[in-house]
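S.K.: Assemble chain B onto chain A, guided by the hints.
Residue-level listing of the chains:
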Amino acid sequence: MSQSEVLACTCVLRECFNERIETVGKYLAENGPSQLRTMANKTGLKINEVQTALRFLIKHNMVEFTFDSVKNNVLYSVNLRNIRAVVRSDRYTDAIRSLYGHDAEAIVRDILLNGQMSLPEIITSVLESFADRSNGEKRIYEKFVQLVQTHFVRRCPALANTMSEEDRIPDLRINESQLYDVPSFSNVAEEMQANMQQLDSSKRPNDKAKIDTVYWCVNIDRFNEFLRDQTLIHAISKRVHPQAAEIVRTLLRRSEVKSPGGVPKTVPISFYELLEELPKDLSITNNLLEKWLKVLTEAAAEFIQQEGDGGGGQYSVYFQRGFAELCKAHIESIVQERYGSDSKRVIRILMMKNQVEMSQIEILTKIDPKEATGIVYRLLGDNFISVVEVAKSTELVPKHTFYYFSVDVDRVAKMLLDRSFKTLANLILRRMHESKENKRLIDKEQRMLAILAQIDSPEEKEEFQRQMTPAERTQLEKYNHAMFMLMKAEQEVDETIFILETYLSYSK
Amino acid sequence: MSDMTVEVKQEPGEDDIQKRILTLLKEHPKGLKETEICCYFQDSTAEIVRNVNILMQQNRISFHLNKDGGVLLKLAVPSVASSQVLDIDENEQLVLQLIEEVGNKGIWRHEIHRKSKIVEVQLNKILKNLTTKKLIKPITSVLAGKKKMYILANLEPNESVTGGNFYSGQQFDSEYFKMLHAMCYKFLEDKAEEVRKLPLNPVEQRMRTFLSTSDVHEAIQNSKVSKVELKPQEIDDILLTLVFDGKAEHVVRTTAQGGHTNYYCAVAALIETSGLMRTPCGQCPLLNDCKEGGIISPSSCEYMKNWLTF
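Residue numbers (our numbering), protein chains in the order written: chain A, 5 to 512; chain B, 2 to 311.
I should point out that these hints are in silico values taken from the structure, not numbers from a laboratory. A few of these clues could be false.
[Claimed, not checked] Here are the simulated lysine-lysine pairs, DSS-like style, with alpha carbons at most 25 Å apart:
1) A:LYS295 x B:LYS198
2) A:LYS295 x B:LYS192
3) B:LYS292 x A:LYS443
4) A:LYS448 x B:LYS306
In isolation and in its complexed conformation, chain B is listed as follows:
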């Protein structure tokens, strides 16, 4: 590979070759091998190699490792790795590029090791180095707390990693969620109660009982219970848990613009508590051992005794 620190003198006429190389690479965004580039042009291999080196030095093209371990040349995207005057070697640059590629999703340390094929010990040193230079930072994902993940220093990790507003740190904030859950249910119930009092025909009553995601979102914002602004998708998630609780019904309606809107309404339970659970036997963990004449029996049952004196 070329030595990056050596300046290569540019000769006239090479400009043209370079332009052609750049155009070619633009047409092949997935990248090309050096040998493939040579096939496209009639110029000698040496010339092409020389110009590729110049372009690389100018950071107008970059090299990437593909799956087979071969090298692909691509048009360089202005990146952190190249735009700064960095005092980093090529391995560190490679690692930085890998981290940059995944954007705000973050990349697992093990993945970096797998893709860059750098030895563990050296990789650790590189990561430490880059962190101290404030180019990258470590983050932890809510889905896998033990995995060490890295992200560019200036980016914020995205929702799937942080868990969104419902997570404070690594923990799911269940108190906060339960409060929002109860609030949303109250909105739906109040709406149902309000509509029930109106003298409407059944179809209209049913239509009016439904609230859209944005209605509920607005209501939550207005009530100012949450310091953080919640996204509509998060409100949808809360309302869906109400559906999973059997407390709400979910309907999708298409709008005039062709989009879909989610509507929810409070729904009454189908049955009162099951008869089986109104007896102590329903709750009893020892039902299988219970036998008349045995140590555990209906005649001597403590649970029954307490229940009968209720």
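Next comes chain A alone, as it looks inside the complex:
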């Protein structure tokens, strides 16, 4: 939880929600678990304002609460990872669309927008976006079941039956076995019917949720695992061949049910299991699969290895090593873009060979010795490389000392992650600045679009459109382009963040 991560998260809160929520989130991020009263005092907000903000954040799984029995009060703490998941939400919805289609995408998008939803709420909400609503509920339900079975959506902890009046906080708990338990369609339909009747009879929205309503939320861990797999497959597709990447995709799919989360490598999958599991349309024969596996274990040795010989050969995908390679590739790319190709060569050598002397660097890299010295000291100054001094004599005389240079990949990864968070924050801040600068124009365009929708005749439309001057139109185009660039850059920086943080999670 570094300063730049906190900055990035507060920017996300400010842009997506409002300043009050940002203030509360920021206070919790900077000060750790806190009480309600302390928050109100220190932030200058009123108690009910803080409560509203907290309610919102809790619903979005961004704040958690615990009861501190020692101090006898409730403590709220922030979950920065879930705040940053907002940035990644487009990637999540794209992933679901590619796997299960538009309906599933709509479900996930709605749940992400609302934090936690009950199944009737989900179905109602998604149905509104459908043009053709016939049999809509059943379709949505089936897609929902598919999402839960593949663990992309899970139940939120529910109120325990053992609650009593004296409990200061709601006792929310859930069993592992219940996490992915979907009620039957008939039950859901009944519930929806009951809701509709209540709505009709009371003629006002039913605010009070029933105590035993089941709420569902997006399983961020599962999505991150999926993205992890996608990243590895994409890398292998580039390094080896797209067909080889499909084989790895199948291997990962087969092992995802068997491997527990957070492990450095998958459970070994046998050759025959793999052959069986491969999609038929790839038409990969026994012989071809054997050949591809041989090439993979050589050309992509850090990503996939043969573990044993049983069942025609046992193969595992290595997450830890694979992500170490990807992290190093990012470090090299960053060094190359900032300092040049010669510097990239130097840092690659240092990452490949553990401790190298300056003379060895000069000989191996074949760079002019004067330049090589300059490069090494620049990288040293910017903390990409570190130096160890080994004295030949008892006194530390430079002439009689060995200087060994090396790269501490973990430390560099942390430094770059920090930089990435700062960049993310800057991109969001710039976006907000651009929107503020062009507020007048944006509002004008919105009003015009609303009115244009109501005008029928083309001549009148044209006449009306002339209300916006060419200069304003150019300005608006520039603004739209700027927003597009900033959004795209945000996604790209988030990809770098994902690789760096996944690597660091394995190396702990």
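M.R.: Chain B in isolation, oriented as in the chain A frame:
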């Protein structure tokens, strides 16, 4: 020590002693002290000393200074120092011998001073003398340009001193190297492209994409880009820099004769440019000072402004 210019008359029977001394020295290539030689023979010390002097005069044995400063006698190797009729004194001969011993690696002036224990001023004179007589020549090493090194006049300095073909004079010829580097990469890429078009199975495709050092060497020779003939080791060095650039992969295969051959193939990058570097903040030297509301901020950033209008 004996006076070299005086002729010593050889007496009969001394031949035998001399032969024995020479045989003994052959068996001890590291050299023996005069006293040690005496231990081996029953002849009187005087006799042995006399014969040692004769042999030295005939230049069949030579004396060397060992680490303790003592004198060792060794079988003389036919050398420049002795084979010519030289008008040089013993100090100059010593210096010449030291230079000769290191062969084509060259010896640092400071080292000569340390080993011969000759005073600096005198050493300078000796070196100057030997240079004018064209017996030795000064050279400079690429590894330490400031050190004055000397080598026998008729020898060429070896690779570690001159740097090989990549160095012209004392400078590393980076233009030449970059050209060769680009050429080698092109060969590897072309080979990969060629093999990709063939309808082979994956294993064969991978095997065929690799080129050996000699393949690349031949290709470079045929293209005639280099006026100088490059050695296979130098080609290996160039190909290794491609591996260090992340553009090539290196594999060692054992040949039928039991030797090792280096094989290289072009390799695709693992990722496109890192996302962080596609933003101006990735390159910015002032990121640590950048703060909203400060002088340097995202809202007022010039780099951002230029980047957004791109």
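S.K.: Hints first: check each against the structure and report whether it holds.
M.R.: Now the hints, each set against the structure:
1. A threshold of 25 Å between alpha carbons decides the hint, and for LYS295 (chain A) with LYS198 (chain B) the separation of about 18 Å falls inside it, so the pair holds.
2. Between LYS295 (chain A) and LYS192 (chain B), the direct Cα distance comes to roughly 21 Å. Compliance with the 25 Å bound is thereby established for this hinted pair.
3. Restraint check for LYS292 (chain B) and LYS443 (chain A): the C-alpha separation of about 23 Å stays at or below 25 Å, so the hint holds.
4. Among the hinted pairs, LYS448 (chain A) with LYS306 (chain B) is consistent with the structure: their alpha-carbon atoms are about 24 Å apart, no more than 25 Å.
Checked against the numbered hints listed earlier, the structure breaks none of them; every hint is satisfied.
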